[in-house]
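Residue numbers (the UniProt record's numbering), protein chains in the order written: chain A, 1 to 423; chain B, 1 to 358.
If you're looking for bench data, these hints aren't it; they were derived computationally from the structure. You may find that some hints are simply not true.
[Unchecked claim] Computed spacing ranges between beta-carbons, pair by pair:
no., chain 1, residue 1, chain 2, residue 2, range
1, B, 311, A, 145, 52 to 60 Å
2, A, 403, B, 179, 50 to 58 Å
3, A, 164, B, 313, 34 to 42 Å
4, A, 411, B, 164, 30 to 38 Å
5, A, 125, B, 319, 36 to 44 Å
6, A, 404, B, 161, 26 to 34 Å
7, A, 406, B, 179, 47 to 55 Å
8, B, 164, A, 383, 35 to 43 Å
9, A, 133, B, 313, 27 to 35 Å
10, B, 255, A, 125, 30 to 38 Å
[Unchecked claim] Here are the simulated lysine-lysine pairs, DSBU-like style, with alpha carbons at most 30 Å apart:
no., chain 1, residue 1, chain 2, residue 2
11, A, 242, B, 165
12, A, 150, B, 357
13, B, 354, B, 334
14, B, 335, A, 242
15, B, 335, A, 171
16, B, 165, A, 167
17, A, 154, B, 199
18, A, 154, B, 357
[Stated by the list, open to error] Example chain B residues on the side facing chain A (calculated, C-beta under 8 Å, incomplete):
no., residue
19, 29
20, 55
21, 58
22, 149
23, 158
24, 162
25, 188
26, 258
27, 259
28, 337
29, 351
By construction, the Cβ of each residue, glycine as well, lies at the ideal position given by its N, Cα and C atoms.
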Amino acid sequence: MPVWLREHSWRQTLTAVYLSLPLRGARATPANIFCSEQYLKVSIPPFLFEAVLYAPIDDTNSTAKIGNGNIFFTLYKKEPAMWDSLTVANAGKEKLQYLRENAVLKAQEKAKEETEAKKITKQEHKKYALEATMKLEEAERKRIEDLKEKERQKVAKELEFWKNQQKDADKYKSIPKKGELYQETEPLEDRKNEKMNKTSIPNEGTSKIIPKSTKGHGSCSIFSQNFKEEQLPAPRAAATIKVSFTPRVFPTALRESRVAEEEEWLHKQAEARRIINSDLSELEDLKEEEKNPDWLKEKGNKMFAMGNYLGAVNAYNLAVRLNDRLPLLYLNRAACHLKLRNLHKAVEDSSKALELLTPPVPDNENARVKAHVRRGTAFCQLELYTEGLQDYEAALKIHPKNENIEKDAEKIRHLIQETMQSS
Amino acid sequence: AAAGLERPQVVSHVQQALNYTVFDCKWVPRSARLLCLGSAARGTGLVQLYELHGARLELLREIEKPKPIKCGTFGATSLQQRYLATGDFDGNLNIWNLEAPERPVYSVKGHKEIINSIDGVGGLGIGEGAPEIVTGSRDGTVKVWDPRQNDTPVANMEPLQGESKRDCWTVAFGNAYNQEERVVCAGYDNGDIKLFDLKTMSLRWETNIKNGVCSVEFDRKDISMNKLVATSLEGKFHVFDMRTQHPTKGFASVSEKAQKSTIWQVRHLPQNRDIFMTSGGSGSLHLWKYEYPAQRSKKDSEGSEMGVAGSVCLLQNVTLSTQPISSLDWSPDKKGLCVCGAFDQTVRVLIVTKLNKI
């Protein structure tokens, strides 16, 4: 229940009402005051003061002064008349209610109108500002354009002047030039005949004869052109310089690079690494590191190096069960099988490795060569020499400069010839 | 904005639309005339001679030849003769007298495939020594010709027997400061740059800049080698300091990435060898200035001299076209006047202002 503030005092003039409201210690802010045309309310919880005014007031111009524990209202009457009392007498509850609501509604409408008006003025201001800046920029641009235009014109004038100079100079030159032309055609033909005889000489590679003849020719004519020629050195002795070009490195000549294939290969490698065949229940028995295919591969390599081929095969087997997309596992396992004379398995593994080593890029060249060589060896040991030779030749294609492969390929060819001869 | 206007401006003076593809454009020395070389729609070669008249180009002469023409140079001709040497799509090197163009003054089928680039030295009263022309072709060879010797080149730089060939995209003469010295620099499509010394007939230096070399040029042909600019695909160009050659590291260089597209051409301003312009595949032109370092060479840990590269700063850039600007030539007579040809079948005459203030 609010505490009503009733100790207000007021006085009036013909046009205004002065209302003084003591606040009994409460602090007031503008937010606590609500005023409309005929309704005044001050609400500072728990205190409450309200008045339904005797006559409408001009609430936009009326003021409220807060200070000294007191609010001093200056309310300007809409119609200058003396009020009988501050508030409307005998105001029924419903009427009060109605008036209150009305007041609130009116206040809201006013607030809305005010915001609308504000928005409109803001937009107009913006527009104005924009236009002003545009004008300024236009002016700036025009100034620069004018400067440029002036430059252009100045330069064009200079050009014309220079050109006329040239023209005059040319006129003086053209007359003797015509005379020269006639004189030139004769020695030109003479020279051509001379040259016909001379063409055989440069091919022989001797350069001494040439300077002599030009000098000789120069002495028997009197034209200024040929005098100049005598001062010029003789044509150079023909020679060739051999060049070699930078080999095709991937980043060079981008348009020839095999970017797409390289990308594919890298992508595949990345994928392969990510695969973990985790659907094996035996895995739970393994130690953490034993679940890593790379670690297993390393283990396998070490065992191979020490001669423990069975152990190596086991390591690779486990690695393959974990990740069947790593070509190097198959490659190395193939080598083990070769040593163990499991030739069919060696062939299988090499083939699987080659399958995984597509697309063929410089990156996986070494691996592919090894795969071909191992498979080739397996075939030969199975006495399938033609298939073996095919693999060796494929390996040679990738690494043509490898002498060992070349030698082995030769041997196989001999073997094939012998078997053909004997059968 | 005021500071910006103090920099050199590239003013487009004349634009001329052509009805053929222009591959090369060159100023005729000592005149206000320029040449456009290219390929007509019906597969023949065209040479057009224009003269600058106020704000337009007037066509003086049009010469049609059986094969499309890729490149041309006045570098090996005298100022009186002003013969044009051209390389065409069929590998023929021809020298023409433009007053009587029916038959070439010199002609040789120099290469098996298109001649991509041509340069001339010893002419126009610049430098000393015999006039020579060098051509670089898609057949992987670079050949040097003397117009006084028919049919055979005086130097031939070709791949080793059995070696796969790379297209040669650009050639340039340099170091021609006396009668004996001369070098040829060649750039290839795999990024190789090779420097051939014609006096000793040997390979003097080679390097690889990873991307195909579109254009090479020495800052001056007729002085002791000073700087070499090589431009490449993917917007990069390298400036090599050619004064000091280290036995293993070669020449020092600085590189700059100008834009995302190919840099088709580099041309040094004839009147100032430290200013050069690059033209790009995005239709833009960039004007650069090279700043020398405080010390051009220093000793390395073993006591050998090595060069120190300077720095490059951009003076101005402008976009003229949506198509690549494939050819560029400064006028040797008027500072700042240049012509460029683009693949949008337009040739433009430009004036670069304020170059005196650099």
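Okay, the hints, checked on the actual structure:
1. B:311 with A:145: 52 to 60 Å: 33 Å, violated
2. A:403 with B:179: 50 to 58 Å: Given about 52 Å between the Cβ atoms, the range holds.
3. A:164 with B:313: 34 to 42 Å: 36 Å, holds
4. A:411 with B:164: 30 to 38 Å: 32 Å, holds
5. A:125 with B:319: 36 to 44 Å: 38 Å Cβ-Cβ, so the 36 to 44 Å window holds.
6. A:404 with B:161: 26 to 34 Å: 27 Å, holds
7. A:406 with B:179: 47 to 55 Å: Holds, since residue 406 (chain A) and residue 179 (chain B) (Cβ atoms, about 53 Å apart) stay within the stated range.
8. B:164 with A:383: 35 to 43 Å: 40 Å, holds
9. A:133 with B:313: 27 to 35 Å: 33 Å, holds
10. B:255 with A:125: 30 to 38 Å: 52 Å, violated
11. A:242 with B:165: 12 Å, holds
12. A:150 with B:357: Within the cut-off at roughly 18 Å; holds.
13. B:354 with B:334: This hinted pair holds, its Cα atoms lying about 13 Å apart.
14. B:335 with A:242: At roughly 40 Å apart (the allowed maximum being 30 Å), residue 242 (chain A) and residue 335 (chain B) break the hint.
15. B:335 with A:171: 22 Å, holds
16. B:165 with A:167: Outside the cut-off at roughly 48 Å; violated.
17. A:154 with B:199: 48 Å, violated
18. A:154 with B:357: 16 Å, holds
19. 29: 11 Å, violated
20. 55: 7 Å, holds
21. 58: Nearest chain A Cβ about 12 Å off; hint violated.
22. 149: OK, holds: residue 149 (chain B) within 8 Å of chain A, min 4 Å.
23. 158: 6 Å, holds
24. 162: 10 Å, violated
25. 188: 7 Å, holds
26. 258: 18 Å, violated
27. 259: 17 Å, violated
28. 337: At 7 Å from the nearest chain A Cβ, residue 337 (chain B) passes the 8 Å test, so the hint holds.
29. 351: 5 Å, holds
Violated hints, in rising order: 1, 10, 14, 16, 17, 19, 21, 24, 26 and 27; the structure is consistent with all others.
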